[in-house]
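**Q** Sequence:
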Amino acid sequence: MDIVAIERFSFDFFRKKLEQIVSWADNTSLSPSDMRIEKEWIEGRALAASLNIPLRTLQSLRESGKLSFSTVGKKVYYKVAEVQKLLDSGRIKVTTKE
Numbered sequence: 482m483d484i485v486a487i488e489r490f491s492f493d494f495f496r497k498k499l500e501q502i503v504s505w506a507d508n509t510s511l512s513p514s515d516m517r518i519e520k521e522w523i524e525g526r527a528l529a530a531s532l533n534i535p536l537r538t539l540q541s542l543r544e545s546g547k548l549s550f551s552t553v554g555k556k557v558y559y560k561v562a563e564v565q566k567l568l569d570s571g572r573i574k575v576t577t578k579e
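Oh and the sequence shown: position 29 is 510 in our numbering, straight run, nothing missing.
Just so you know, the hints here were simulated from the structure itself, not pulled from any lab data.
Bear in mind that the values here come from a model prediction, so they are computed numbers and not experimental data.
Where hints are given, some of them may not hold.
In silico DSS-like cross-links for lysine-lysine, where the CA-CA straight-line distance does not exceed 25 Å [stated by the list, open to error]:
hint : residue 1 : residue 2
1    : K566      : K520
2    : K560      : K547
3    : K556      : K520
4    : K566      : K556
5    : K520      : K560
6    : K520      : K547
Please model the entire structure based on the sequences and the hints provided.
**A** The structure is reproduced here in structure tokens:
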């Protein structure tokens, strides 16, 4: 094991910075309301897989204005509540794989 000696000033400086980082991490942890976002939105591929519909169907619903969406980078996200409304109205038919 190596022993590294540093000046008291440097040690105190690094300790203070580390305490600031720990404090920041404690104050910025995910709250239950932040985690709720994952339940409100679903990524397009996951939605298509769960409904057993092609991605092209989701694209058609987007283009026709029947389903709103948000994009982050190259991924498309849909509001779960809005998808549920479409399902309830019968505009999207869920098929089962046989």
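**Q** Between K520 and K560, does the CA-CA distance stay at or below 25 Å?
**A** Holds. K520 to K560 sits at ~9 Å (cutoff 25 Å).
**Q** Is K566 within 25 Å of K520, Cα to Cα?
**A** 15 Å, holds
**Q** Take a quick look at whether K566 and K556 sit within 25 Å of each other, Cα to Cα.
**A** 22 Å, holds
**Q** Tell me if the straight-line CA distance from K556 to K520 falls inside 25 Å.
**A** 16 Å, holds
**Q** Could you grab the alpha-carbon distance between K560 and K547 and see if it respects the 25 Å cut-off?
**A** 12 Å, holds
**Q** Given the hint that K520 pairs with K547, test it: the Cα-Cα distance must not exceed 25 Å.
**A** With a Cα-Cα distance of about 21 Å, the restraint between K520 and K547 holds, given a limit of 25 Å.
The structure shown violates none of the earlier numbered hints.
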